[in-house]
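Sequences are here, hints too, so could you generate the full structure?
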Amino acid sequence: GAVVSQHPSWVICKSGTSVKIECRSLDFQATTMFWYRQFPKQSLMLMATSNEGSKATYEQGVEKDKFLINHASLTLSTLTVTSAHPEDSSFYICSARVREQGVNGLFFGSGTQLSVL
Amino acid sequence: QKEVEQDPGPLSVPEGAIVSLNCTYSNSAFQYFMWYRQYSRKGPELLMYTYSSGNKEDGRFTAQVDKSSKYISLFIRDSQPSDSATFLCAMTFTGNQFYFGTGTSLTVIP
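If you read the protein sequences in the order shown, they are chains A and B. Our numbering numbers the first residue of the first sequence as 11 and each following residue consecutively. Our numbering numbers the first residue of the second sequence as 103 and each following residue consecutively.
Since the hints were derived computationally from the structure, they do not count as laboratory data. The reader is advised that the hints may include incorrect statements.
Claimed, not checked - Label pairs and their computed distance ranges (CB to CB):
hint, chain 1, residue 1, chain 2, residue 2, range
1, A, Leu84, B, Gly118, 40 to 48 Å
2, A, Gln39, B, Asp109, 30 to 38 Å
3, A, Asn61, B, Ser128, 26 to 34 Å
Claimed, not checked - Below, simulated BS3-like cross-link-like pairs (lysine-lysine); rule was C-alpha separation at most 27 Å, straight line:
hint, chain 1, residue 1, chain 2, residue 2
4, A, Lys30, A, Lys76
5, B, Lys172, A, Lys74
6, B, Lys144, A, Lys24
7, A, Lys65, A, Lys51
8, A, Lys51, A, Lys74
9, A, Lys24, A, Lys76
10, A, Lys74, B, Lys104
11, B, Lys104, B, Lys172
12, A, Lys74, B, Lys144
13, B, Lys144, B, Lys104
14, B, Lys169, B, Lys104
15, B, Lys158, B, Lys104
16, A, Lys30, B, Lys144
17, B, Lys158, B, Lys172
18, A, Lys24, A, Lys74
19, A, Lys76, B, Lys144
20, B, Lys104, A, Lys51
21, A, Lys30, A, Lys65
22, A, Lys51, B, Lys144
Positions of the beta carbon are idealized from the N, C-alpha and C atoms, including for glycine.
And the structure:
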């Protein structure tokens, strides 16, 4: 299956700093990637849809200026949590849509656990 | 009403049992159906992918889609302790937006 690489797996940072999370599609081109947030024992919460070469589409209630998304190439999308605060601590997961050979599905990265002190 | 309903469990079964996981949905326009397995603090892993109605088998896993009842199932045969995880169903119309169930937590007891 398609491989999505997410880095880093975990990060601890001080309040007020910015953190960048990378999401790469390793063996396919991803024109669309999705960023999710997940709280313990809860399902995935879509934050934004990232489209290569254009601005991301954010879900209602997600701060665009806090969660900066850049999808500069067909294999890389980044999420930058700016001026992170403890309430931003969460598990962030990216995914890429695959549309080939009749498959129309999502492949996920391994996730990033962010802890803001 | 949520687009996708899934019983959160938890579900606990003995090793070797057959596990049945289910989701119901409200929108008849969904065409693509997926099952994911998610271990704690990991990203979801795609297990099964089905287009439209019917059955699909892959090893110990069988996915069923009944569009007339708006009901999908995942069966796990000969369950193993390593199957202990949260299972998420997902579906989409065309791939522009995906709808997820809340996930069912499964524990397989050795």
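Comparing the hints with the structure gives:
1. Leu84/A / Gly118/B: 40 to 48 Å: 45 Å, holds
2. Gln39/A / Asp109/B: 30 to 38 Å: Once the Cβ atoms are compared, 37 Å apart, the range 30 to 38 Å for Asp109/B and Gln39/A holds.
3. Asn61/A / Ser128/B: 26 to 34 Å: Since the Cβ atoms of Asn61/A and Ser128/B sit about 27 Å apart, the hinted range of 26 to 34 Å holds.
4. Lys30/A / Lys76/A: Distance of about 12 Å is within 27 Å: holds.
5. Lys172/B / Lys74/A: 36 Å, violated
6. Lys144/B / Lys24/A: Roughly 23 Å between the alpha carbons, so the hint for Lys144/B and Lys24/A holds.
7. Lys65/A / Lys51/A: 31 Å, violated
8. Lys51/A / Lys74/A: 26 Å, holds
9. Lys24/A / Lys76/A: Holds, at about 15 Å.
10. Lys74/A / Lys104/B: Roughly 26 Å between the alpha carbons, so the hint for Lys74/A and Lys104/B holds.
11. Lys104/B / Lys172/B: Holds, at roughly 13 Å.
12. Lys74/A / Lys144/B: 25 Å, holds
13. Lys144/B / Lys104/B: Given that 27 Å is the threshold and the Cα spacing comes to 25 Å, the pair holds.
14. Lys169/B / Lys104/B: Holds, at roughly 17 Å.
15. Lys158/B / Lys104/B: 26 Å, holds
16. Lys30/A / Lys144/B: Status holds; Cα separation ~18 Å.
17. Lys158/B / Lys172/B: With a Cα-Cα distance of about 17 Å, the restraint between Lys158/B and Lys172/B holds, given a limit of 27 Å.
18. Lys24/A / Lys74/A: 21 Å, holds
19. Lys76/A / Lys144/B: 24 Å, holds
20. Lys104/B / Lys51/A: Distance of about 18 Å is within 27 Å: holds.
21. Lys30/A / Lys65/A: Given pair Lys30/A, Lys65/A holds - Cα atoms ~17 Å apart, limit 27 Å.
22. Lys51/A / Lys144/B: 12 Å, holds
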